[in-house]
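Q: Listed here are the chains, written in short residue letters.
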Amino acid sequence: MLVDKAKCVGCANCVSVCPMGAIHIGPDRKAEINQDECVECYTCYRGLSTEHLPPFLVRSVRGVLRLFRLRFEPDPDVCPTAALTPNEITWPRLVRRAFSDPVVPHESTGTKGRGTAEVKTNDVTGRVGPGQVGFVVELGRPSVGARFREVDKVTHALADAGVTFEPNNPVTYLMSDVEAGQIRPDILNEKILSCIVESKAPLERVPAVLDAIEKVSKGLDTVVSVGVSSRCDSEGNDPLKKILEDAGYTFYRGKVNLGLGKPAKA
Amino acid sequence: MTNTLHRYGNPESLRDDYIVFAIPARGINDQGCVEKLRTFLRSALKYNPVNVGEGAKGGIFRPSKSLNLISTYLRPRKHGVAPQEVAEGVDGPGTVAAVFDNKESMERFLEEVKSLDLGISVNVSALVDDTREACRLVGICPHSVEYSLGFRGRTERLASRRVLELSTMCGHGMVSFRLAQKMIDQIKEGRQTPEKASTFMAKFCTCGVFNVSRARRLMEEARVSD
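Those protein sequence lines, which keep their order, are chains S and U. Using our numbering, the first residue of the first sequence is number 1, and each one after it goes up by one. Using our numbering, the first residue of the second sequence is number 1, and each one after it goes up by one.
Hints were generated in silico from the structure; no laboratory data involved. Quick reminder that beta carbons are idealized off the backbone N, C-alpha and C, glycines included. One or more of the hints may lead you astray.
Said to hold, decoys possible - These stretches of chain S come out as covered by chain U in the derived footprint (C-beta under 8 Å, 3 or more residues):
no.	segment
1	26-37
2	49-56
3	226-235
What the hints assert, rightly or not - Interface residues of chain U toward chain S, partial, derived using beta-carbon atoms under 7 Å:
no.	residue
4	Ala-25
5	Ile-28
6	Lys-65
7	Thr-72
8	Ala-82
9	Gln-84
10	Val-128
11	Leu-137
12	Val-138
13	Ile-140
14	Pro-142
15	Tyr-147
16	Met-174
Said to hold, decoys possible - DEER-style ranges, computed between Cβ atoms:
no.	chain 1	residue 1	chain 2	residue 2	range
17	U	Glu-112	S	Gly-219	44 to 50 Å
18	U	Glu-220	S	Pro-263	43 to 49 Å
19	U	Asn-68	S	Thr-90	20 to 26 Å
20	S	Asp-36	U	Glu-220	36 to 42 Å
21	U	Val-34	S	Asp-36	50 to 56 Å
22	S	Gly-21	U	Ser-66	25 to 31 Å
23	U	Leu-74	S	Pro-263	51 to 57 Å
24	U	Glu-112	S	Ser-234	20 to 26 Å
25	U	Glu-221	S	Ile-89	47 to 53 Å
Extracted from the complex, chain U is given alone in its bound form:
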């Protein structure tokens, strides 16, 4: 589970968004895949992903269910777990993902994934031309491709471009339009920083595929240009 196909934005907006994920096929190669999934994430961490995640427990940025007066107001708040904890916390079959904000890191990670020969499916969700170029560079022949053709139907019910760019970075729709708009508004009013706002939104993405680096850039652009 990652559901990253329909991240909104034009190619320029999507220039720093590369998700690499591994997924076992249920009933075929999911037995004994846990260590392979951990290896995938451990390897990803060498290339400085901006987020990593797994479907059952989430990404780096997670809500805390045990805050109190001291942990909230008198100490710097912790907004999640160490990336290593995400990797070591995989304890069952499922999708694991690493999000990169630059093509070079994604390419170097693909090179390592190829050499690891884990035997489970690995996909890249990004601009297709970038992925194809990375495949050529690393010597991988793609097996299948799935294109996003965008939105249809009552598109007037969708939010503004800036809100959609942020909200669709959680493919399951857990980052609401209102939260994204609220964060943009608070940044413009000087009541929030893009760093904090991107962290707040990332906590609602249960797969850890929210790209906090792209979110910071988009909100900074919104702050200076609108």
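The following block holds chain S by itself, in its conformation from the complex:
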């Protein structure tokens, strides 16, 4: 993303909406974007409403108001002069947008958002079967971001803990060695808003896998959010709850797949 300096009037609304804190007001009193920190999420470009006011008019009004010690302050969701401008990005920077802008579908899975289905469609796909547990480890969200070198640490730790990575997941597609959890080296320095590593393991491996996640998380320069999933029995109860309680975890929020989906007839 770029700022059109000819249009920018330095209102700073884009500064506060940037999830990565990558935008600041420069010495010329106009917005500037730190390209190394920008994850191409398009939040500023898409989320801000645009007024298309003539920049000279806005600058003049601001100047006059300043004389009276007043401040020109557009609504916080508006870029008054439509100064944010997307630029063309190429590999490896392309992964930033794929993992940061939820409107862009992942080429690998064809799914928007973070590109994952988890157990949201488990009633149709049977992705996580009886006796299995799904793990979703999200890095970078909220508002911290993550480099793929941090993701690489987590995928290695998970691989060592004996999980099976979900093949239909955008992060798995970027592994050069899936068995070892190795992320391809050319993207390791790319920063993204967040990504979700999906894997599964047998039910009895839950404490060991969660322990591995706890340990690797302590050495990361980002935040991690962890989700675990399992199938319910014929009564609607799940075996995971007791395992998590016994392991000392506190949990009360989650997603419940109601089982109303049906696979298409062959």
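Given chain S's structure and the hints, the job is docking chain U onto it.
A: What follows is chain U alone, placed relative to chain S:
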């Protein structure tokens, strides 16, 4: 796409946050699902959701790309589209969601969704005990469950509790810490109302799962208690 698993807050803070979403499975039952997704959203509208959304076009609250002097300053600003427009605007496979701020509405909607027998996956993202209770009431046996175990790692890089409660209501992280903090500050200074502030933040959530009702309550609490 909704990514609602890790909404921040204790059970008391999450008492008015129920997201019900429908999602087709790619390559299995996504063919011909558009009308089913529209039906899902149309049905949701009968139970007064506080937001509805679909991944491609967004929720009720959307930015406008064609504001001018008149539409911004001389007329009341429009902050989005009618809920019906969201439902009728679904034109491809994807996730559609309805957000409720009370359990009763969510339960009544689940009852209708069950009777519709759409054949696509439906999930509830909320306090799990509330969802289980609703399932029992409506006669649904849950298929799978996914628990949030919260945050790990450099948690000192996260914002304050109040900011996190607001920011994580967009599961893709599009509502920045700074925007949430700015809205709280402006409300405390009397320069913004919780109603407007929640609307501004909701526009950045591209899936329409931002709960404006909970946001208003949280900001009102911040205004009177901090």
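Q: Between the beta carbons of S:Asp-36 and U:Glu-220, is the distance compatible with 36 to 42 Å?
A: At roughly 39 Å between Cβ atoms, U:Glu-220 and S:Asp-36 fall inside 36 to 42 Å, so the hint holds.
Q: Could you check if U:Ala-82 really has its C-beta closer than 7 Å to a C-beta on chain S?
A: violated (18 Å)
Q: So does U:Glu-112 sit 44 to 50 Å from S:Gly-219, Cβ to Cβ?
A: With Cβ atoms ~49 Å apart, the hint holds.
Q: Would the stated hint for U:Val-128 survive a check requiring a Cβ distance to chain S of less than 7 Å?
A: holds (5 Å)
Q: Should the hint that U:Val-34 and S:Asp-36 are 50 to 56 Å apart at their CB atoms be regarded as holding?
A: violated (41 Å)
Q: Looking only at beta-carbon atoms, does the pair U:Glu-221, S:Ile-89 fall within the given range of 47 to 53 Å?
A: violated (41 Å)
Q: Please verify the coverage claim for the segment 226-235 of chain S: does it have three or more residues whose C-beta sits within 8 Å of some C-beta in chain U?
A: Check passed, 9 qualifying residues.
Q: So the hint says 20 to 26 Å: do the beta-carbon atoms of U:Glu-112 and S:Ser-234 match that?
A: Roughly 25 Å apart at Cβ, these two residues keep to the hinted range, so it holds.
Q: Examine the segment 49-56 of chain S for residues whose CB is less than 8 Å from any CB of chain U, and state whether their number is three or more.
A: holds (count 5)
Q: Restraint: U:Tyr-147 near chain S, CB-CB cut 7 Å. Satisfied or not?
A: Hint on U:Tyr-147: holds, closest Cβ of chain S at ~4 Å, below 7 Å.
Q: Can you take a look at whether the segment 26-37 of chain S is actually covered by chain U? Rule is 3+ residues, C-beta closer than 8 Å.
A: violated (count 0)
Q: Given U:Thr-72 as an interface hint, is its Cβ closer than 7 Å to any Cβ of chain S?
A: OK, holds: U:Thr-72 within 7 Å of chain S, min 6 Å.
The structure fails hints 1, 8, 9, 11, 12, 19, 21, 25 (numbered hints given earlier, in ascending order).
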